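Chains as they are written, first to last, in my numbering: chain C, 1 to 80; chain P, 81 to 236.
Hints were generated in silico from the structure; no laboratory data involved.
Every value quoted in this text rests on a predicted model; they were computed, and no experiment measured them.
Note that the Cβ used here is the ideal one computed from N, Cα and C, for glycine as well.
Treat each hint with caution, since some may be false.
Claimed, not checked - List of simulated lysine-lysine pairs, DSSO-like, C-alpha gap at most 30 Å: (1) C:K44 / C:K57; (2) P:K82 / C:K57; (3) P:K146 / C:K4; (4) C:K57 / P:K146; (5) C:K13 / P:K180; (6) C:K4 / P:K136; (7) P:K136 / P:K146; (8) C:K57 / P:K136; (9) C:K13 / P:K146; (10) P:K146 / P:K118; (11) C:K12 / P:K146; (12) C:K12 / P:K180; (13) C:K12 / P:K118.
Claimed, not checked - Now the in silico label distances, taken between C-beta atoms and shown as ranges: (14) P:R114 / C:L39: 35 to 41 Å; (15) C:E63 / P:H100: 27 to 33 Å; (16) C:Q68 / P:K82: 43 to 49 Å; (17) C:A24 / P:E93: 38 to 44 Å.
The residues making up each chain are set out below.
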Amino acid sequence: MNRKIVCFAGLKKFFGDETSVEVAPEESYANLLEKLGELNPEAKEVLTSCRIAVNEKFVPLDETINDQTTLFLIPPSSGG
Amino acid sequence: MKHIQNTAINYSELFDDFRHPHSGAVVLFSGEVRDNNKGRAVTHLEYEAYAPMANKMISEILEEAKSRFNLNQAACVHRVGRVEISGCAVVVITGSGHRKEAYDANRYIIDRVKNEVPIWKHEFFADGTSEWGQNCDCVGDDHHHHQHHHHYERAE
Chain C
1 MNRKIVCFAG LKKFFGDETS VEVAPEESYA NLLEKLGELN PEAKEVLTSC RIAVNEKFVP
61 LDETINDQTT LFLIPPSSGG
Chain P
81 MKHIQNTAIN YSELFDDFRH PHSGAVVLFS GEVRDNNKGR AVTHLEYEAY APMANKMISE
141 ILEEAKSRFN LNQAACVHRV GRVEISGCAV VVITGSGHRK EAYDANRYII DRVKNEVPIW
201 KHEFFADGTS EWGQNCDCVG DDHHHHQHHH HYERAE
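Looking at chain C on its own, in the form it has when it is part of the complex (with noise of 0.2 Å):
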């Protein structure tokens, strides 16, 4: 199943506004960061503190990943 995951801020570099990984069953949000980090491996050091919102609800990264279509990928806030 391709899952489509909209970035934001420094990871629009590494991946544009968004990009789509294929996921296979019962695999977690954190399996899903590894393919990222695959896909790009420049972008590894930073998604080691990134965070996923699904339903503008941060998950816990060893869940497995929900039906939800749309992932968010949330890189550390420098709000302020």
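Please arrange chain P on chain C, whose structure you already have, making use of the hints.
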């Protein structure tokens, strides 16, 4: 959106609307754009947000601060888009019976907004380069009064 705005923040107007008969103290913090960062001349900033989520999270942080510090009111607005030098990037206003709660709550709110809410700073430098802000700049700040949450925030 109540807490995310792409036009100039008029904090004096917000402050004027903030009077409350039970409040003996009102504290206003304005985070403003500095013309330098880590020794480099800055020309302006641009902020990006995952706006619906940022708006919701700020609202939740304010509600939590109100009950934790027994505030009469709390407000926070963060800019998105381009902000010039000396422009207001974020404002936090807190009102309580006495000053301690208003000061403490104000610091609590701005720290959580900076560390947790999906908003990002893009810094533009005088030499024509630009950089996305990494993490928060709390290192070296007098920050030991509360625990740092950078990893805990990832909800692992």
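Okay, the hints, checked on the actual structure:
1. C:K44 / C:K57: holds (23 Å)
2. P:K82 / C:K57: OK: K82 of chain P and K57 of chain C at ~19 Å, within 30 Å.
3. P:K146 / C:K4: Not OK: K146 of chain P and K4 of chain C at ~37 Å, beyond 30 Å, violated.
4. C:K57 / P:K146: Holds, at about 22 Å.
5. C:K13 / P:K180: violated (44 Å)
6. C:K4 / P:K136: holds (23 Å)
7. P:K136 / P:K146: At roughly 15 Å apart (the allowed maximum being 30 Å), K146 of chain P and K136 of chain P satisfy the hint.
8. C:K57 / P:K136: Holds, at about 10 Å.
9. C:K13 / P:K146: Not OK: K13 of chain C and K146 of chain P at ~39 Å, beyond 30 Å, violated.
10. P:K146 / P:K118: Given that 30 Å is the threshold and the Cα spacing comes to 35 Å, the pair is violated.
11. C:K12 / P:K146: With Cα atoms ~36 Å apart, K12 of chain C and K146 of chain P exceed 30 Å; violated.
12. C:K12 / P:K180: Answer violated: K12 of chain C to K180 of chain P is near 42 Å, above 30 Å.
13. C:K12 / P:K118: Holds, because 24 Å separates the two Cα atoms, which is no more than 30 Å.
14. P:R114 / C:L39: 35 to 41 Å: With Cβ atoms ~36 Å apart, the hint holds.
15. C:E63 / P:H100: 27 to 33 Å: At 42 Å between Cβs, range violated.
16. C:Q68 / P:K82: 43 to 49 Å: violated (25 Å)
17. C:A24 / P:E93: 38 to 44 Å: violated (53 Å)
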